[in-house]
Structures are given as C-alpha cells and as structure tokens.
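**Q** Go ahead and model the full structure; you've got the sequences and the hints to work with.
Quick note: the sequence shown uses my numbering, first residue 295, plus one each step.
Honestly, the hints are just simulated from the structure, not real lab data. Take the hints with a grain of salt, since some may be wrong.
[Unchecked claim] Dumping the calculated DSSO-like pairs for lysine-lysine here, alpha-carbon to alpha-carbon at most 27 Å:
1) K412 / K387
2) K387 / K428
3) K392 / K412
4) K416 / K455
5) K539 / K575
6) K387 / K416
7) K455 / K539
8) K455 / K387
9) K428 / K392
10) K412 / K428
11) K428 / K416
12) K428 / K455
[To be verified] Derived Cβ-Cβ restraints for the label pairs, each shown as a range:
13) P498 / E419: 35 to 45 Å
14) S353 / T503: 26 to 36 Å
15) E419 / D350: 14 to 24 Å
Since we're looking at a predicted model, the values are computed, not measured. Backbone N, C-alpha and C define an ideal beta-carbon position, used for all residues, glycine too.
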Amino acid sequence: MQHAFRAFMEQIIDYAGIFPPASLSLEASIHNYARYRTGPEAWMLGRFICPAGRLDDLSSYGETLFAEAGEPFRFSVLIRPAFPPDPYRAAVKEDLQKIAAFVERHGDRVRVEALELKLPPKWPEILDGADPGKFLDEVAEVIEQARIAPVQPFYELPPLKAGTGMIPRAVEIFAAHRQEVVAGSGSQYYRSPALKLRCGGVEPHLYPTSAQVAEVILSCRDAAVPLKATAGLHHPVRHYNADAKVTMHGFFNVFGAAILAAVHSLEASTVQEIIEDEHPKHFQFEANSFQWRGFSANTEQISRYRRELMLSFGSCSFEEPRDDLRALGLL
Numbered sequence: 295m296q297h298a299f300r301a302f303m304e305q306i307i308d309y310a311g312i313f314p315p316a317s318l319s320l321e322a323s324i325h326n327y328a329r330y331r332t333g334p335e336a337w338m339l340g341r342f343i344c345p346a347g348r349l350d351d352l353s354s355y356g357e358t359l360f361a362e363a364g365e366p367f368r369f370s371v372l373i374r375p376a377f378p379p380d381p382y383r384a385a386v387k388e389d390l391q392k393i394a395a396f397v398e399r400h401g402d403r404v405r406v407e408a409l410e411l412k413l414p415p416k417w418p419e420i421l422d423g424a425d426p427g428k429f430l431d432e433v434a435e436v437i438e439q440a441r442i443a444p445v446q447p448f449y450e451l452p453p454l455k456a457g458t459g460m461i462p463r464a465v466e467i468f469a470a471h472r473q474e475v476v477a478g479s480g481s482q483y484y485r486s487p488a489l490k491l492r493c494g495g496v497e498p499h500l501y502p503t504s505a506q507v508a509e510v511i512l513s514c515r516d517a518a519v520p521l522k523a524t525a526g527l528h529h530p531v532r533h534y535n536a537d538a539k540v541t542m543h544g545f546f547n548v549f550g551a552a553i554l555a556a557v558h559s560l561e562a563s564t565v566q567e568i569i570e571d572e573h574p575k576h577f578q579f580e581a582n583s584f585q586w587r588g589f590s591a592n593t594e595q596i597s598r599y600r601r602e603l604m605l606s607f608g609s610c611s612f613e614e615p616r617d618d619l620r621a622l623g624l625l
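**A** Structure (structure tokens):
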C-alpha cells in the first residue's frame, strides 16, 4: 500500500450507521463499528457518531462489546439543536449530563473525543445584529464547566450562498473564537473548535454546490480553521446518482481539493474544478504522493493537512467507500 494513500485515508471515516440513508438500528450500528475496528481496514475508521439522547441505549454493551475491546470505543456525540432565543444553554447542559453519565458508567472502556453541534440557521446573522460570537462563547463556557473530558467541538455551518461574502465572514468570526481558545484562554475541556460542512443528505437540496464547497475550503484554509465533512461522501469520486437524482460529491474530490489548495495556494476556480471532476483516473496515488492533473502533495503534506485542515467525514456506510477503494485497486 502506498504511504500517500494511507496518509490520505487514515481515520477518515466517522461511522454514522444509524443515520439515513442507511438508518440502521443502534444495535446493528454499534456491532458493525465493533467489527470494523478489528478488520483489515480499521486504520481508515474514526469515531462512532451517536446522539447524546441515544447514549443510554448503549448501556447493555458495557460488559460485552466495550469490555471485550482492547482499546476504548471512540465517540463523537451529537448535541441536539437549540438556538437563540430558545434556552440553548440548558439544552446543551442537558445533553452534556447524558454524556457525563455515559462516561461515568463505562469508564475507560469508552472515550468521548468530539461533540457535534449546529450553528443557528441564520448564523452569523442572528439576534438582530448581536455579536454572533456570543453564541460560540456561551456554548464553550457550558462545555468547559461540564468538565467531562477534553473534547473537540464541531459546529455545522448553515447553508450559505457562495459569492455573497457570507461564507468568508462566517469562517472569519469562527476563527476569532477559535483563536481565543487556542491562544490560551484557559480552556481545558473545550479544545480546538472546528467547523463542519454538510455535503449531502436525503434530499437533493441538502447537497451544496461545488462553489459552496470550494469557498468553505478556501475560507477555512485562509483562516486556519479545521473542517470535517458529513453526509453524501460515500464514494471516492463525484458522480451522478440516478436513484437520488443528484450529483454526489466524492471524498477524493473534497479532501484532495483541500490538501492541494493548501499545498499550492490554489485559487477558487481550480479548487472548484477538482471538486467537479468525475474522472477517477485524474486522482492518482503514487508511493509517496497524491496527484491531480499536474498538482501533487507528498505524504508529509497529506498528513499535515489531514491533521490541520480536512479532518474526517461522517458516513452512514463504512463498507461502500471501502468496497469502492477495493474496486479501484487501492486496498
């Protein structure tokens, strides 16, 4: 296996089997995750994604799956959406209490490493011109005060149109919040906040345009904000899905575009071209490089920007991307 491919795919898939279109039961999903953890492609597997409200349903696995595992089960926990003017602080606290109970019950057999939250639908235009960073700061305070474990929070961006200035502004505001945390505000439990980009869903309108994806990637690159993706990235290369009646983004496209944009300081037009490319042969892995039509990144650069810029993607299937990679001869 090429070192570059390994670096590109390392712990890239956060498994979300209970979510559509798979919509598996929690029992089936956690057993799948346990099986993937011990399989030959376990190195591609990241965290198990579970809503805070479903953690208690995993109690019965404390003495079976969790106890039998050599390493802790890694979790990314979804916090239920709650926004101003609703009492969102109370909602976040309630879910954090569920997480605390889960961690206390299972001890070092589980590890909650990340939280996933949604930004308000109109963010950063919220609260009639009030400081949009206030929402982030207050959520950070609630998480810090819960003192459960050091966690990385991921905030899902609302759909923002490309070319309006809203995406760069949103990322810039978030970057200021992140900088305050990273620069040493005393946070011990609220670590390295990052953004989350929805790349698909059960309806065609949930798929962002290539221009939107490109603008988010470039804004995050320029502001030094890490990013994860979620939904719609079941396959390596962009393609039209006749059943869903939508063109689906590919994870080679999205992650490759981010890595090459960082390495080569690419402009929006080139990044968008990478995202729109539907030719698998244009995405090449050599022993120590990833290449796309004359642009390349070496293994060290791939590892760096997977760590600093494009972190992972949530997927309701681990087997679909794995099987596609096998078909391409990469596994």
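**Q** Next step is simple, just say for each hint if it's right about the structure.
**A** Cross-check of the supplied hints:
no.: 1; hint: K412 / K387; result: 15 Å, holds
no.: 2; hint: K387 / K428; result: 17 Å, holds
no.: 3; hint: K392 / K412; result: 18 Å, holds
no.: 4; hint: K416 / K455; result: 12 Å, holds
no.: 5; hint: K539 / K575; result: 24 Å, holds
no.: 6; hint: K387 / K416; result: 23 Å, holds
no.: 7; hint: K455 / K539; result: 22 Å, holds
no.: 8; hint: K455 / K387; result: 32 Å, violated
no.: 9; hint: K428 / K392; result: 25 Å, holds
no.: 10; hint: K412 / K428; result: 15 Å, holds
no.: 11; hint: K428 / K416; result: 14 Å, holds
no.: 12; hint: K428 / K455; result: 23 Å, holds
no.: 13; hint: P498 / E419: 35 to 45 Å; result: 25 Å, violated
no.: 14; hint: S353 / T503: 26 to 36 Å; result: 42 Å, violated
no.: 15; hint: E419 / D350: 14 to 24 Å; result: 36 Å, violated
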